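J.: Which chain is which? The protein sequence lines are A and B, in order.
Under the numbering used here, the first sequence has 33 at position 28, and the numbering climbs by one with no breaks.
Under the numbering used here, the second sequence has 376 at position 198, and the numbering climbs by one with no breaks.
Derived by calculation from the structure, the hints in this document are not laboratory data.
Since the model is a prediction, treat every value here as computed from it, not as a measurement.
The beta-carbon is built from N, C-alpha and C at its ideal position, and this holds for glycine as well.
Mixed in with the good hints there might be a few duds.
Claimed, not checked - Reference listing, derived: stretches of chain B covered by chain A, where coverage requires no fewer than 3 residues with Cβ under 8 Å from a Cβ of chain A: (1) 207-213; (2) 218-226; (3) 238-251; (4) 370-377.
Claimed, not checked - Keeping only pairs whose Cα atoms sit at most 20 Å apart, straight-line, the calculated DMTMM-like set for lysine to aspartate or glutamate is: (5) B/Lys265 x A/Glu83; (6) A/Lys219 x A/Asp164; (7) B/Lys265 x A/Glu64; (8) B/Lys265 x A/Asp114; (9) A/Lys223 x A/Asp278; (10) B/Lys385 x A/Glu64; (11) A/Lys115 x B/Asp197; (12) A/Lys115 x B/Glu225; (13) A/Lys207 x A/Asp278; (14) B/Lys385 x A/Asp246; (15) A/Lys115 x B/Asp232; (16) A/Lys219 x A/Asp160; (17) B/Lys385 x A/Glu83.
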Amino acid sequence: MSRATTGPLVLGIETSCDETGIGIVRGTTLLANVIASSMDEHARYGGVVPEIAARAHVEALTPALTAALAEAKVTLVELDAIAVTSGPGLSGALMVGIGAAKALSVALDKPLYAINHLVGHVGADALRDDGTDIELPTIALLVSGGHTSLLHVRDLISDVELLGETIDDAAGEAFDKVARLLGLPYPGGPQIDRVALGGDPKAIRFPRGLSQPKDMAKHRYDFSFSGLKTAVARWVEQKQDAGEQVPVADVAASFREAVTDVLLTKAIAACSDLGVPRLLLGGGVVANARVREVAVERCAAAGIELRIPPLSLCTDNGAMIAAIAARLIAAGHGPSSLSFGADSTLPVTIIQA
Amino acid sequence: MLLAIDTSAGTSVAVVDRDRGILSEVTESDTRRHAEVIGEAILFAIERSGIAVDMLSGVTAGMGPGPFTGLRVGIAAAQAFAFGASKPLLRVVSHDAVAWGHYAAGHVGPVLVVTDARRREIYFSAYSGVDSVGLPIRLQGPGLCRPADLCEQVDGYSRYERIDAAEVSAASAGLLAEGLFLHQRAFAAPEALYLRAPDVTVSAGPKRVS
Ligand SMILES: [Zn+2]
Numbered sequence: 006m007s008r009a010t011t012g013p014l015v016l017g018i019e020t021s022c023d024e025t026g027i028g029i030v031r032g033t034t035l036l037a038n039v040i041a042s043s044m045d046e047h048a049r050y051g052g053v054v055p056e057i058a059a060r061a062h063v064e065a066l067t068p069a070l071t072a073a074l075a076e077a078k079v080t081l082v083e084l085d086a087i088a089v090t091s092g093p094g095l096s097g098a099l100m101v102g103i104g105a106a107k108a109l110s111v112a113l114d115k116p117l118y119a120i121n122h123l124v125g126h127v128g129a130d131a132l133r134d135d136g137t138d139i140e141l142p143t144i145a146l147l148v149s150g151g152h153t154s155l156l157h158v159r160d161l162i163s164d165v166e167l168l169g170e171t172i173d174d175a176a177g178e179a180f181d182k183v184a185r186l187l188g189l190p191y192p193g194g195p196q197i198d199r200v201a202l203g204g205d206p207k208a209i210r211f212p213r214g215l216s217q218p219k220d221m222a223k224h225r226y227d228f229s230f231s232g233l234k235t236a237v238a239r240w241v242e243q244k245q246d247a248g249e250q251v252p253v254a255d256v257a258a259s260f261r262e263a264v265t266d267v268l269l270t271k272a273i274a275a276c277s278d279l280g281v282p283r284l285l286l287g288g289g290v291v292a293n294a295r296v297r298e299v300a301v302e303r304c305a306a307a308g309i310e311l312r313i314p315p316l317s318l319c320t321d322n323g324a325m326i327a328a329i330a331a332r333l334i335a336a337g338h339g340p341s342s343l344s345f346g347a348d349s350t351l352p353v354t355i356i357q358a
Numbered sequence: 179m180l181l182a183i184d185t186s187a188g189t190s191v192a193v194v195d196r197d198r199g200i201l202s203e204v205t206e207s208d209t210r211r212h213a214e215v216i217g218e219a220i221l222f223a224i225e226r227s228g229i230a231v232d233m234l235s236g237v238t239a240g241m242g243p244g245p246f247t248g249l250r251v252g253i254a255a256a257q258a259f260a261f262g263a264s265k266p267l268l269r270v271v272s273h274d275a276v277a278w279g280h281y282a283a284g285h286v287g288p289v290l291v292v293t294d295a296r297r298r299e300i301y302f303s304a305y306s307g308v309d310s311v312g313l314p315i316r317l318q319g320p321g322l323c324r325p326a327d328l329c330e331q332v333d334g335y336s337r338y339e340r341i342d343a344a345e346v347s348a349a350s351a352g353l354l355a356e357g358l359f360l361h362q363r364a365f366a367a368p369e370a371l372y373l374r375a376p377d378v379t380v381s382a383g384p385k386r387v388s
């Protein structure tokens with residue numbers, strides 16, 4: 006039997022931030038991954054506006070459902086289950102997906118699974134088209150505009166531990182803020198990447214948050230990007246005050262280097278400390294060329310196997326949510342109760358709400 | 179036969195029939211638990227009505243006015259249910275449902291429907307009465323204002339009987355939709371009636387840090 010015909014057929018709904026994601030999987034096979042983003046509507050505000058994101062989800066959901074079913078070439082009655090992100094994320098945005106998922110579940114009389122968004126990012130790596138399965142345990146570094154988390158995943162559906170996370174801004178947010186500072190549009194990640202080309206990443210030594218020995222005791226795997234953002238701002242202001250030209254390429258390259266350095270240093274340290282020879286990257290910041298480059302270099306040097314799912318599965322999407330539910334079902338887990346709510350701070354230890 | 183959902187105030191879900199009236203109605207008055215209760219409310223409304231989903235002819239969504247977070251849980255649910263059951267979605271103005279219920283109970287004359295908009299504001303709609311087929315005639319609204327400004331906002335304020343509705347009945351929304359459908363009247367527009375722009379401020383640019 007080919008893999009495409011085995012495993013539960015699950016439709017996943019993801020609305021935790023500014024992307025309306027509908028994915029359909031059969032077991033570990035990706036059948037559809039439709040993403041509608043309200044990113045353009047947030048551009049003029051320089052960051053995701055929760056209320057705008059939530060409103061956009063209401064409008065995007067039904068067209069995305071239609072598109073996903075067409076892409077997967079399946080009908081609603083064929084589905085074995087519905088899955089939905091119940092947290093963490095923006096609560097107003099999460100509630101739209103939850104309301105829709107519950108109604109769909111009752112209308113179709115299909116079981117409903119409430120899934121943890123961050124664990125979903127790890128689940129994205131289970132959707133492989135080469136017939137291999139996700140290898141565990143793994144360290145997972147999840148970096149986006151909404152989160153910066155380091156996880157120790159021993160089992161995808163029963164044993165996930167949060168090693169550390171950002172104590173202030175998410176890394177993606179830092180990219181957006183520094184881009185603004187340099188007069189670049191939102192979203193900042195691709196813009197920083199673009200102008201950093203030709204810049205010298207060693208031109209300016211920006212601080213690496215929570216990397217000093219005194220911080221490492223308490224925050225070994227935590228991140229902080231607020232101080233970095235301020236350091237970049239101060240540096241740029243000093244240049245401007247002195248009437249000098251701001252070397253945008255060098256600032257962008259040096260800033261990006263600082264973020265990348267701290268992300269990968271902590272991720273690799275977790276692999277070494279815990280004796281886990283695998284690192285999985287997830288989240289939209291994976292789109293950043295330098296992050297990928299440094300990850301490849303340092304993992305190779307440390308003998309760590311690096312996994313980076315395709316970008317369409319790294320950014321927020323419904324398929325990764327469906328992937329976790331499919332695995333829960335395959336392992337015999339029952340559905341969630343119909344009464345779960347949105348939990349904006351759902352801990353990673355709660356894989357299914 | 180319609181499944182009707184309204185979350186413009188609390189959470190209300192009903193199954194109604196043009197001939198047999200209200201077959202079931204489930205109401206949760208808590209205005210902060212829409213996402214938690216919506217699934218069971220739909221499930222129980224269908225179970226208690228004794229009908230099967232495929233017997234429905236459509237799904238009604240109360241489009242507000244209502245405070246945004248809760249309102250759109252019901253709209254998203256109604257849309258998804260209609261999509262899942264392959265039934266048409268019939269949208270109504272939630273205040274029209276309140277007026278419909280008021281007149282259907284035998285009241286006559288001009289009525290002003292007022293609901294809580296939070297943040298020390300209210301939503302309002304003004305009705306002159308019903309037309310020849312018993313459907314409410316909305317003269318003004320839905321609008322949004324501060325409570326103290328209502329008498330200026332509504333033309334001829336003093337001639338209205340004011341109804342401050344703490345709940346919006348999905349059964350009324352559903353029966354109103356049956357009437358609108360029967361008499362080929364217009365349904366509400368696809369946009370949710372938040373009547374408020376999202377809270378955002380366009381920053382003037384990065385602030386100095388030094
Ligand atoms: Zn994410």
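J.: The structure should be examined with respect to each hint, and the outcome stated for every one.
T.: We went through each hint and held it up to the structure:
no.	hint	verdict
1	207-213	holds (count 3)
2	218-226	holds (count 4)
3	238-251	holds (count 4)
4	370-377	holds (count 4)
5	B/Lys265 x A/Glu83	18 Å, holds
6	A/Lys219 x A/Asp164	30 Å, violated
7	B/Lys265 x A/Glu64	18 Å, holds
8	B/Lys265 x A/Asp114	15 Å, holds
9	A/Lys223 x A/Asp278	15 Å, holds
10	B/Lys385 x A/Glu64	35 Å, violated
11	A/Lys115 x B/Asp197	31 Å, violated
12	A/Lys115 x B/Glu225	15 Å, holds
13	A/Lys207 x A/Asp278	28 Å, violated
14	B/Lys385 x A/Asp246	14 Å, holds
15	A/Lys115 x B/Asp232	15 Å, holds
16	A/Lys219 x A/Asp160	32 Å, violated
17	B/Lys385 x A/Glu83	54 Å, violated
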